[in-house]
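Chains W and A supply the protein sequences, listed in that same order.
Each residue of the first sequence is one higher than the one before, counting from 1 in the numbering used here.
Each residue of the second sequence is one higher than the one before, counting from 1001 in the numbering used here.
Quick caveat, the hints were computed from the structure, so don't treat them as lab data.
It cannot be assumed that every hint is accurate.
Unchecked claim - Taking beta-carbon pairs under 7 angstroms as the criterion, some of the chain W residues facing chain A (in silico):
#1 21
#2 31
#3 32
#4 215
Claimed, not checked - Straight line, CA to CA, 25 angstroms or less: simulated SDA-like cross-link-like pairs of lysine to any residue:
#5 W/154 <-> A/1038
#6 W/56 <-> A/1130
#7 W/56 <-> W/66
#8 A/1262 <-> W/223
#9 A/1064 <-> A/1133
#10 W/141 <-> A/1126
#11 W/56 <-> A/1002
#12 W/71 <-> W/286
#13 W/141 <-> A/1002
#14 W/107 <-> A/1031
#15 W/141 <-> A/1229
#16 W/141 <-> A/1039
#17 W/141 <-> A/1130
#18 A/1262 <-> W/113
#19 A/1262 <-> W/105
#20 W/107 <-> A/1257
#21 W/154 <-> W/249
#22 W/107 <-> W/220
#23 A/1262 <-> W/249
#24 A/1262 <-> W/117
#25 A/1262 <-> W/189
#26 W/71 <-> W/189
#27 W/107 <-> A/1011
Only a predicted model underlies this, so the values are computations on that prediction, with no experimental measurement involved.
For each residue, glycine too, the CB sits at the ideal point set by N, CA and C.
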Amino acid sequence: MPSSSLTKLKEPRKHYKLNLLPYLLLLPSIALIFAIIFYPFFTGILYSLREGSLLKLGDYIGLDNYLNLFKQREFHNSLQFSLFFAFFGVLGSYLLGLIFALMLNQKVPGQAILRVSLLLPWVIPSVVSLMSWRWLIADEKGFVNMLITWLGFKPIYFLSTPGLAIFSVIVVKIWRSFPFMMLSILAALQTIDRTLYEAAEIDGANRWQLFRHITFPQLLNISGVLWILMTIWSVNDFDTPFLLTQGGPSFATENLVLLAYRYTFRNNNVGMGSAVAVVSLIILIILALFILRQQSREEK
Amino acid sequence: MSLSRTQTWLLFAALVIIVLLVNLPIISTVLNSLRSTEDLFSSRSFSLNDLSFDNYFYVSQRTKFWQFFGNSLLVSVSAAILGVILSSLAGYALSRYQGLIISSYSRILLMIQMFPLILAIIPLFILFRNLSLINNPLSVILIYTVANLPFATWMFKSFFDGIPRELEEAAAVDGCTPLQGFVRIVLPLAGPGTIAVAIFAFLLAFNEFFIANVFLRNEVNMTLPVGIQIFTQQYGSDWGSLMAAATMTMLPTFFLFLFIQKYMLYGAIGTGVKG
Chain W
1 MPSSSLTKLK EPRKHYKLNL LPYLLLLPSI ALIFAIIFYP FFTGILYSLR EGSLLKLGDY
61 IGLDNYLNLF KQREFHNSLQ FSLFFAFFGV LGSYLLGLIF ALMLNQKVPG QAILRVSLLL
121 PWVIPSVVSL MSWRWLIADE KGFVNMLITW LGFKPIYFLS TPGLAIFSVI VVKIWRSFPF
181 MMLSILAALQ TIDRTLYEAA EIDGANRWQL FRHITFPQLL NISGVLWILM TIWSVNDFDT
241 PFLLTQGGPS FATENLVLLA YRYTFRNNNV GMGSAVAVVS LIILIILALF ILRQQSREEK
Chain A
1001 MSLSRTQTWL LFAALVIIVL LVNLPIISTV LNSLRSTEDL FSSRSFSLND LSFDNYFYVS
1061 QRTKFWQFFG NSLLVSVSAA ILGVILSSLA GYALSRYQGL IISSYSRILL MIQMFPLILA
1121 IIPLFILFRN LSLINNPLSV ILIYTVANLP FATWMFKSFF DGIPRELEEA AAVDGCTPLQ
1181 GFVRIVLPLA GPGTIAVAIF AFLLAFNEFF IANVFLRNEV NMTLPVGIQI FTQQYGSDWG
1241 SLMAAATMTM LPTFFLFLFI QKYMLYGAIG TGVKG
């Protein structure tokens, strides 16, 4: 049977013989994925080899866009910021997520409500949460600065000093990402076999030893996946830097996505915008290969 | 190792403080939405009498808030319905069949989850412009539907995995085609799960800013997040009204989230973390 080599039933049944159903079930999704992801994906790569604007695409110019891009200082800054942002965002949100998950994994009164309240930063719309943050740390009349001046210190310009703006964007990113880390780690914690702890306690292990020798090794697998997944999402993040600082001051918090957006939709240079997007794609492919290898290792 | 009584209460106190600190931005937004902008920036002490709903009336009557809200509803409900239809079909295929195409499809979903959308957005903008779909809700509905596919399909797959195959076999004996077996037997059994998926899909679309910001530039079609972002440019210093609009925007999200929070683990763990 020609079809059976491609789609095998988990337990073959007579009435399913030549079976087109699985393909028919996938067909609508695949058609939409083709239109919204595959077609633009390949066209986007071709655009990066052309010049032209959103209104009129120009000639193919080989790798000129890339060569031009690598000469731009703003590209190197933005590449650096993207990686810096992703690294510290992931590190911070992982640590916070881990600590909160360990705390919530104990028997505490009101555990369910506490857990749900800690998920809110992840759930509420980015536009809303970043507006709240802007009010908190705004330059002159922000809540934090009113507090600081009331205490008799000089106000801190969180969003208009490059270094502090980078710091603020990362802090907000950590705030928005830790709930996902916490939830995933909490789920993993709950699958750890209780008897392991009981056995270790009988052997006289203390709390740190329990964490070091039982909890932590059991979390390693999921942690690896979480690090990679969150790194990818951070590299792809548009909302946090755009809504907090618009990439400023003087492009200090402009990541690759914002740069591609600015080239394409502000400067109307489709080729350069696409080239930046392709560079971020290459970075993501390297990270995705990691995650796929990790997964196939787990499946074995 | 269980905690002593004192340790439990210390942990509880620590967690309460953490919850308050973490949610400070959200709490302060809600509280400030009840104060006038002049009060927000005056140094005189705060009293309960100053609280009022004036900002809400202002936002309701003087701005296009409700129009944006309606646009958001249209986009999010459509994306949720389309997402549930496509992902329930695909999730069923993933749950009941295996083979090269099925496992490739799984991989594709994982890729979509990590795909740099900016790369697709540029050609999509040109494509949609040629099709006159810019400033048309259909553009973002289609993109949100695809963005929802990975987690929605995995959620459906895990619901269907929990439904015994024998039910469909019995239906087949009674003369149901496999498709009928799916629509009449399996799908109704996944009922509450279906609602959860629909709400997740709705929320993604309702909260989304980046894509809507690119494709819906016209006030007639703008969704709430884009509209609120425009407010912040127009009413930049009127923080009271901004906070009221922000609070009104997050309320639907907040209540729907309470409704589905117990499914959150599927959402988090299903998302490729467990493959």
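Here is how each hint holds up against the structure:
1. Contact between residue 21 of chain W and chain A, as hinted, is supported at the beta carbon level, the nearest pair being about 5 angstroms apart and thus within 7 angstroms.
2. Annotation: interface hint on residue 31 of chain W violated; nearest CB of chain A at approximately 9 angstroms, more than 7 angstroms.
3. Checking residue 32 of chain W against chain A: minimum C-beta separation of about 6 angstroms stays under 7 angstroms; hint holds.
4. The closest approach between the C-beta of residue 215 of chain W and any C-beta of chain A is roughly 11 angstroms, which is over the 7 angstroms cut-off, so the hint fails.
5. About 23 angstroms separates the Cα atoms of residue 154 of chain W and residue 1038 of chain A, which keeps this hinted pair within 25 angstroms; it holds.
6. A threshold of 25 angstroms between alpha carbons decides the hint, and for residue 56 of chain W with residue 1130 of chain A the separation of about 11 angstroms falls inside it, so the pair holds.
7. Distance check on the hinted pair: residue 56 of chain W and residue 66 of chain W sit about 20 angstroms apart at the alpha-carbon level, within 25 angstroms; holds.
8. Simply put, residue 1262 of chain A and residue 223 of chain W have alpha-carbon atoms about 22 angstroms apart, close enough for the 25 angstroms limit, and the pair holds.
9. Taking the CA atoms of residue 1064 of chain A and residue 1133 of chain A, the gap is near 22 angstroms; set against the 25 angstroms cutoff, the hint holds.
10. For the given pair, residue 141 of chain W sits about 42 angstroms from residue 1126 of chain A by alpha-carbon distance, which is inconsistent with the 25 angstroms threshold.
11. A hinted pair counts as satisfied when its Cα atoms are at most 25 angstroms apart, and residue 56 of chain W with residue 1002 of chain A does not qualify at roughly 68 angstroms.
12. About 23 angstroms separates the Cα atoms of residue 71 of chain W and residue 286 of chain W, which keeps this hinted pair within 25 angstroms; it holds.
13. Note on residue 141 of chain W and residue 1002 of chain A: the hinted pairing is violated, with a Cα-Cα distance of about 47 angstroms set against a maximum of 25 angstroms.
14. With a C-alpha separation of about 32 angstroms, the suggested pair residue 107 of chain W and residue 1031 of chain A falls outside the 25 angstroms cut-off, and the hint is violated.
15. Taking the CA atoms of residue 141 of chain W and residue 1229 of chain A, the gap is about 20 angstroms. The hint holds against a cut of 25 angstroms.
16. For the hint pairing residue 141 of chain W with residue 1039 of chain A, the CA-to-CA distance comes to about 12 angstroms; that is within 25 angstroms, so the pair holds.
17. This hinted pair does not check out: residue 141 of chain W and residue 1130 of chain A have alpha carbons roughly 46 angstroms apart, beyond 25 angstroms.
18. Straight-line distance between C-alpha atoms of residue 1262 of chain A and residue 113 of chain W comes to about 11 angstroms, which keeps the hinted pair within the 25 angstroms bound.
19. Among the hinted pairs, residue 1262 of chain A with residue 105 of chain W is consistent with the structure: their alpha-carbon atoms are about 16 angstroms apart, no more than 25 angstroms.
20. The hinted pair formed by residue 107 of chain W and residue 1257 of chain A meets the criterion: a straight-line CA distance of about 24 angstroms does not exceed 25 angstroms.
21. Taken as a hint, the residue 154 of chain W and residue 249 of chain W pair is honoured in the structure, with Cα atoms around 20 angstroms apart against an allowance of 25 angstroms.
22. Between the alpha carbons of residue 107 of chain W and residue 220 of chain W the distance comes to roughly 24 angstroms, so the proposed pair stays at or under 25 angstroms and holds.
23. With a C-alpha separation of about 41 angstroms, the suggested pair residue 1262 of chain A and residue 249 of chain W falls outside the 25 angstroms cut-off, and the hint is violated.
24. As the CA atoms of residue 1262 of chain A and residue 117 of chain W are separated by approximately 13 angstroms, the hinted pair is consistent with the 25 angstroms bound.
25. Pair hint residue 1262 of chain A plus residue 189 of chain W holds up; C-alpha atoms about 17 angstroms apart against a cutoff of 25 angstroms.
26. At roughly 48 angstroms between alpha-carbon atoms, residue 71 of chain W and residue 189 of chain W are farther apart than 25 angstroms, so this suggested pair is violated.
27. Only pairs whose Cα atoms come within 25 angstroms are accepted, and residue 107 of chain W paired with residue 1011 of chain A is accepted, the gap being roughly 10 angstroms.
The structure shown violates the earlier hints numbered 2, 4, 10, 11, 13, 14, 17, 23 and 26.
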